[in-house]
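> Residue numbers (this note's numbering), protein chains in the order written: chain X, 1 to 206; chain R, 1 to 206; chain H, 1 to 243; chain Y, 1 to 56; chain U, 1 to 218; chain W, 1 to 218.
Be aware that a few hints might be false.
Stated by the list, open to error - Here are some, though not all, of the chain W residues that point toward chain H, as calculated from beta-carbon distances under 7 Å: (1) I13; (2) L161; (3) P165; (4) L166; (5) V168.
Calculated directly from the structure, the hints in this document are not laboratory data. Glycine included, each C-beta is placed from N, C-alpha and C at the ideal position.
Each chain is listed here by its residues.
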Amino acid sequence: MTLTVTDLTVARAGMPVLEGVSFVVAPGQALVLRGPNGIGKTTLLRTLAGLQAPVAGRVDGAGEAVAYAGHADGIKATLTVAENLTFWARIFGTQGIGTALAAYALEPLADRISGELSAGQKRRLGLARMLVTGRLVWVMDEPTVSLDAGAVEMFASAIRAHLGQGGSAVIATHVALGLEGAALDVSPFRAVLPAPGSDAFDEAFL
Amino acid sequence: MTLTVTDLTVARAGMPVLEGVSFVVAPGQALVLRGPNGIGKTTLLRTLAGLQAPVAGRVDGAGEAVAYAGHADGIKATLTVAENLTFWARIFGTQGIGTALAAYALEPLADRISGELSAGQKRRLGLARMLVTGRLVWVMDEPTVSLDAGAVEMFASAIRAHLGQGGSAVIATHVALGLEGAALDVSPFRAVLPAPGSDAFDEAFL
Amino acid sequence: MSLWKYSNPSKFLTTSERILPWVWTLAAICLIGGLVWGFFFTPDDYRMGSTVKIFYLHVPAALMAINAWLMMLIASLIWLIRRHHVSALAARAAAPVGAAMTVIALVTGAIWGQPMWGTWWVWDPRLTSFLILFLFYLGYIALWSAIEDPDTAADLTSITCLVGSVFALLSRYAVNFWNQGLHQGASMSLDKEQNVANVFWFPAVTCIAGFVLLFVALVLYRTGTEIRARRMRALLARERAVA
Amino acid sequence: MMPDLGKYADTVLWSYVAAVVVLGAVVAMTFWRGRRVRAELAEVEARVAGKAGTNG
Amino acid sequence: MIALFLRDLKLAIRAGGGFGLGLAFFLIVTVLVPFSIGPQTDLLTRIAPGVLWLGALLACLLSLDRLLALDWEDGTLDLLATAPIPLEAVVTVKALSHWVVTGLPLVLAAPVLGVMLNLPLEGFVPLVLSLLLGTPALSVIGTFGAALTVGLKRGGLLLSLLVLPLYVPTLIFGAEAARRGAQGLEAGTPLLLVAGITAFAAGLLPLASAAVLRVNLR
Amino acid sequence: MIALFLRDLKLAIRAGGGFGLGLAFFLIVTVLVPFSIGPQTDLLTRIAPGVLWLGALLACLLSLDRLLALDWEDGTLDLLATAPIPLEAVVTVKALSHWVVTGLPLVLAAPVLGVMLNLPLEGFVPLVLSLLLGTPALSVIGTFGAALTVGLKRGGLLLSLLVLPLYVPTLIFGAEAARRGAQGLEAGTPLLLVAGITAFAAGLLPLASAAVLRVNLR
Ligand code: HEM
Ligand SMILES: Nc1ncnc2c1ncn2[C@@H]1O[C@H](COP(=O)(O)OP(=O)(O)OP(=O)(O)O)[C@@H](O)[C@H]1O
Ligand SMILES: Nc1ncnc2c1ncn2[C@@H]1O[C@H](COP(=O)(O)OP(=O)(O)OP(=O)(O)O)[C@@H](O)[C@H]1O
Ligand SMILES: [Mg+2]
Ligand SMILES: [Mg+2]
Numbered sequence: 001m002t003l004t005v006t007d008l009t010v011a012r013a014g015m016p017v018l019e020g021v022s023f024v025v026a027p028g029q030a031l032v033l034r035g036p037n038g039i040g041k042t043t044l045l046r047t048l049a050g051l052q053a054p055v056a057g058r059v060d061g062a063g064e065a066v067a068y069a070g071h072a073d074g075i076k077a078t079l080t081v082a083e084n085l086t087f088w089a090r091i092f093g094t095q096g097i098g099t100a101l102a103a104y105a106l107e108p109l110a111d112r113i114s115g116e117l118s119a120g121q122k123r124r125l126g127l128a129r130m131l132v133t134g135r136l137v138w139v140m141d142e143p144t145v146s147l148d149a150g151a152v153e154m155f156a157s158a159i160r161a162h163l164g165q166g167g168s169a170v171i172a173t174h175v176a177l178g179l180e181g182a183a184l185d186v187s188p189f190r191a192v193l194p195a196p197g198s199d200a201f202d203e204a205f206l
Numbered sequence: 001m002t003l004t005v006t007d008l009t010v011a012r013a014g015m016p017v018l019e020g021v022s023f024v025v026a027p028g029q030a031l032v033l034r035g036p037n038g039i040g041k042t043t044l045l046r047t048l049a050g051l052q053a054p055v056a057g058r059v060d061g062a063g064e065a066v067a068y069a070g071h072a073d074g075i076k077a078t079l080t081v082a083e084n085l086t087f088w089a090r091i092f093g094t095q096g097i098g099t100a101l102a103a104y105a106l107e108p109l110a111d112r113i114s115g116e117l118s119a120g121q122k123r124r125l126g127l128a129r130m131l132v133t134g135r136l137v138w139v140m141d142e143p144t145v146s147l148d149a150g151a152v153e154m155f156a157s158a159i160r161a162h163l164g165q166g167g168s169a170v171i172a173t174h175v176a177l178g179l180e181g182a183a184l185d186v187s188p189f190r191a192v193l194p195a196p197g198s199d200a201f202d203e204a205f206l
Numbered sequence: 001m002s003l004w005k006y007s008n009p010s011k012f013l014t015t016s017e018r019i020l021p022w023v024w025t026l027a028a029i030c031l032i033g034g035l036v037w038g039f040f041f042t043p044d045d046y047r048m049g050s051t052v053k054i055f056y057l058h059v060p061a062a063l064m065a066i067n068a069w070l071m072m073l074i075a076s077l078i079w080l081i082r083r084h085h086v087s088a089l090a091a092r093a094a095a096p097v098g099a100a101m102t103v104i105a106l107v108t109g110a111i112w113g114q115p116m117w118g119t120w121w122v123w124d125p126r127l128t129s130f131l132i133l134f135l136f137y138l139g140y141i142a143l144w145s146a147i148e149d150p151d152t153a154a155d156l157t158s159i160t161c162l163v164g165s166v167f168a169l170l171s172r173y174a175v176n177f178w179n180q181g182l183h184q185g186a187s188m189s190l191d192k193e194q195n196v197a198n199v200f201w202f203p204a205v206t207c208i209a210g211f212v213l214l215f216v217a218l219v220l221y222r223t224g225t226e227i228r229a230r231r232m233r234a235l236l237a238r239e240r241a242v243a
Numbered sequence: 001m002m003p004d005l006g007k008y009a010d011t012v013l014w015s016y017v018a019a020v021v022v023l024g025a026v027v028a029m030t031f032w033r034g035r036r037v038r039a040e041l042a043e044v045e046a047r048v049a050g051k052a053g054t055n056g
Numbered sequence: 001m002i003a004l005f006l007r008d009l010k011l012a013i014r015a016g017g018g019f020g021l022g023l024a025f026f027l028i029v030t031v032l033v034p035f036s037i038g039p040q041t042d043l044l045t046r047i048a049p050g051v052l053w054l055g056a057l058l059a060c061l062l063s064l065d066r067l068l069a070l071d072w073e074d075g076t077l078d079l080l081a082t083a084p085i086p087l088e089a090v091v092t093v094k095a096l097s098h099w100v101v102t103g104l105p106l107v108l109a110a111p112v113l114g115v116m117l118n119l120p121l122e123g124f125v126p127l128v129l130s131l132l133l134g135t136p137a138l139s140v141i142g143t144f145g146a147a148l149t150v151g152l153k154r155g156g157l158l159l160s161l162l163v164l165p166l167y168v169p170t171l172i173f174g175a176e177a178a179r180r181g182a183q184g185l186e187a188g189t190p191l192l193l194v195a196g197i198t199a200f201a202a203g204l205l206p207l208a209s210a211a212v213l214r215v216n217l218r
Numbered sequence: 001m002i003a004l005f006l007r008d009l010k011l012a013i014r015a016g017g018g019f020g021l022g023l024a025f026f027l028i029v030t031v032l033v034p035f036s037i038g039p040q041t042d043l044l045t046r047i048a049p050g051v052l053w054l055g056a057l058l059a060c061l062l063s064l065d066r067l068l069a070l071d072w073e074d075g076t077l078d079l080l081a082t083a084p085i086p087l088e089a090v091v092t093v094k095a096l097s098h099w100v101v102t103g104l105p106l107v108l109a110a111p112v113l114g115v116m117l118n119l120p121l122e123g124f125v126p127l128v129l130s131l132l133l134g135t136p137a138l139s140v141i142g143t144f145g146a147a148l149t150v151g152l153k154r155g156g157l158l159l160s161l162l163v164l165p166l167y168v169p170t171l172i173f174g175a176e177a178a179r180r181g182a183q184g185l186e187a188g189t190p191l192l193l194v195a196g197i198t199a200f201a202a203g204l205l206p207l208a209s210a211a212v213l214r215v216n217l218r
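Just chain X, same shape as in the assembly (with noise of 0.2 Å):
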């Protein structure tokens, strides 16, 4: 499933924040947003995961495909780790979190209650989800964030290990993840916003 971006404008609370952006992102390919704070990097990732419409242009090959992690992890505070992997397994219809658990070594917190883990655990445990979603598509917004460096390195091989197996991923981070693959810096694409009367105007209200 290869995701293909053309030409995409991106809003937030009615502003375009970015403004024609195209990329593609072929099975086995990941890809880094990069970018300074507030350029619309959480924007654009929330709309490749269909959470809201592009302004203009088109998101093909995600859809279905695509499984989000976003800043918040989805995480009750009052199942434990293999009750919250476990949902998910079955909302999403696939089988088994022993592979999830293995891949964050969170086998020893398997039956813990997820509040009771420090930021860095939850953190984990939120990117173990993934893991059973069994979707293609990954898009992750600063997937790293209170993770140790250890924690970084289980990051980067389920990646290598998803890309491997024909998926690809779209992450936005500000910090070096130990991986290879494409950088897309998408400050060139702040949305320029058209002079005031122009015909835009008629549009929205600008």
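Using the hints provided, position chains R, H, Y, U and W with the ligands relative to the given structure of chain X.
Quick look at chains R, H, Y, U and W with the ligands alone, frame taken from chain X:
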């Protein structure tokens, strides 16, 4: 104000996590805490900030001198950036948020509703809060999460300025901060629990 | 001073284990003895007929419902002041028993009320304040079970028990002010001759003793269970930490 | 044997039944939980002790 | 979907008794009524069916604001929206588990509380029936309200404000059925109407809930 | 402390009308009562003071769960605990701003709603007075409940369960005063008692609230 930690044992949910931690941070010094996920950095910092009591050992020179910045930023989504900062300034009895805004390049955002900031912009606001506390000892938990390279540089300069004015800082982090200064890996202090069946049961059910 | 050594968990376990069989036996004797005595071998009251037999359940349960709360209050104070874990756990262990006693008093009272007052329930001050007491029990138990960390739970429930006691007293006066009820006045006062004939009095005292002993036995046993549960929690946490 | 309870037989018997049921339930739950916790603790203690032994 | 349902039940039990608490609120509202109205039995008998319905409604209402909010805050809703389950099914399951956790216990508890308010004997069956038929509508409508306000801080009271008018028809017919029953009158028509509202709400509202949820997730 | 107070007010206004919403809930409860009880005027007149007190109490109660929870979630409480203000002052200010935002509007709105429920003319003054004296106690007690349950997920209903029995004395005296007033009787004693409870609660409970908050922050 010199922060002196002597033979400190800290516990989370009744279980000791770090034992026998000692260090001294003199004015003008910064100490970077390192260690893998879940070792107990957050717990140690909360103890320094006085949010929880030590199990054993002493913390001197903290108390009313400490300003704490945890994983959460204490930002009200419905107030503007300037209002949030002004509130904290008044709570800590200091005046003027100008320098704080400047230090993290928040002037253009000053009148934005904080809920509409991106992850990194929010974090910058959280860090700017430290500048309006007027406190000498900064205790910070993973401050550079979500920050881009430029903002990390702002953070480093803010810390350097703070140290230059006789302040000190204890910072837990997993990434490079661009700061010179001592680092302490807390892994060797992981608490060793008493053997089961020992008399410790009398004390705390162990 | 010497009393405090029983607040040591293991000491408490061994001691309670030793005396518990006796307490259970005594409780059973008093309870069964008193109830059988009251049920089979006492005459009917001239006004209340055979319903007077409910007395042997209703009054002891009502007394224990209040005394259990009092015991929890004292245990909570001990925990807050001297931080003896066993005392916090004893308060926790007593709460469901006290709630059950309240339920018995309410239910037997309600059943009694049907023939006496012609209704299951009236908003009489004593009945009402028991209902409020029951709500306090529920809140207290719910709070214990809602908090993960045992020491935090002990602190919070102890303070709740304290504040609750003050407000329970306040409500008691409020309800009295609000409504003069149908319910009997205190007849178990010291000048018993005046109120209750000896035929009813002796089995009633036996039943009260039985309820008290049963309460003691239950609380001792349940405190032991709580101590073990806490030890197990600590051991599991420690096992995880080592892993 | 059974005393004559007159017209209040239902009332008296029901209150005895109710009280005995509630008391019985409390006692049963107490023992049930007590037994279970005791067994679990024994198991955990054995396991932890075993581990401590192998670890030295 | 079954996984979601089971998880919601598990969460309800785990979090210190989601089951018990809606119930407890119902109990307490009912208990507070005599405190505020006064203890006269005849008065209480007259208002009993209405008070019980109102109490059930408020107990439902109070538990609404966390129906979706918790899943929103920790990002679960984002993830569910990208999962291979239609959002319509998600909100239906949410409403169903809300009913099982809140509505059903209320139905079962109502007779006991009826005793405390001196509800006449012949009023019990119509009361329980009307609640049984009506509370599912409360859960479904409530889910719509929760979906509408999910992203808002302090959504709780806004939610009540939005949902309460929607509850009015159910309340009117339900309380009417219970009241007629308590007076020994025939209660078939209002019961049928309540059933109708429930069927209608359960059939159509999930579409609206899913739609507003999608908007809120944007 | 003044800063905290002003900020809380600002937040209440900003978040889409914290002022309006407690009020709206009060209004809607009062409006729902005729729907559930039935429209007989004599009946409504008799229960009017009680219903108004109950409505005010529930409106207070409903707004409690966010009194501290929002500040807890975003870390503000952690930071306030390390700020140079004693926690006792923080909870007092919180209770005060809760009263200004919720209790005070209820007091002002009660007469209007009294008209809708056919409250007799002589009942208005005692009603307003009793609410004015009683609602601060509701806020203070509620703050204690909120501090107690602040760290718990789904604390909302547990909070109600814990707080409602604590509300009983205030409710009884307050409603009694309003009822006596409406019947043209002397209402001085219950009013004094309400005032006493408020003074007592405001004097001592903040200590308990600060203590439990400290435990919860640990
Ligand atoms: C749900 C209903 C009832 C509750 C909660 C209740 C509560 C209590 C309480 C708390 C006591 C102990 C008071 C004390 O010893 O100072 C008590 C005692 C007593 N109750 Fe009830 N009661 C209820 C209904 C009834 C009814 C219907 C009757 C009979 C007509 C009754 C008859 C008595 C008698 C004779 C005593 C012993 C007198 C005394 O020591 O005060 N109760 N009840
Ligand atoms: N709810 C909102 N309402 C209005 N504007 C918003 C909202 N959320 C974000 N924005 C603005 O939209 C722009 C893009 O935000 P986005 O979160 O996509 O940035 P980002 O690239 O992910 O930044 P970061 O690296 O800090 O996470 C920012 O300028 C931000 O201020
Ligand atoms: N609420 C809790 N109850 C019980 N245990 C907890 C709780 N919170 C954290 N822990 C445990 O306490 C230990 C220390 O956690 P802490 O948050 O201090 O770690 P940390 O060093 O800050 O980790 P990270 O780098 O991931 O943030 C961890 O093993 C964690 O699992
Ligand atoms: Mg972002
Ligand atoms: Mg941490």
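> Work down the list of hints and note, for each, if the structure agrees.
Going through the hints against the structure:
no.: 1; hint: I13; verdict: 32 Å, violated
no.: 2; hint: L161; verdict: 5 Å, holds
no.: 3; hint: P165; verdict: 4 Å, holds
no.: 4; hint: L166; verdict: 5 Å, holds
no.: 5; hint: V168; verdict: 5 Å, holds
When the structure is compared with the earlier hints, a violation turns up for hint 1 alone.
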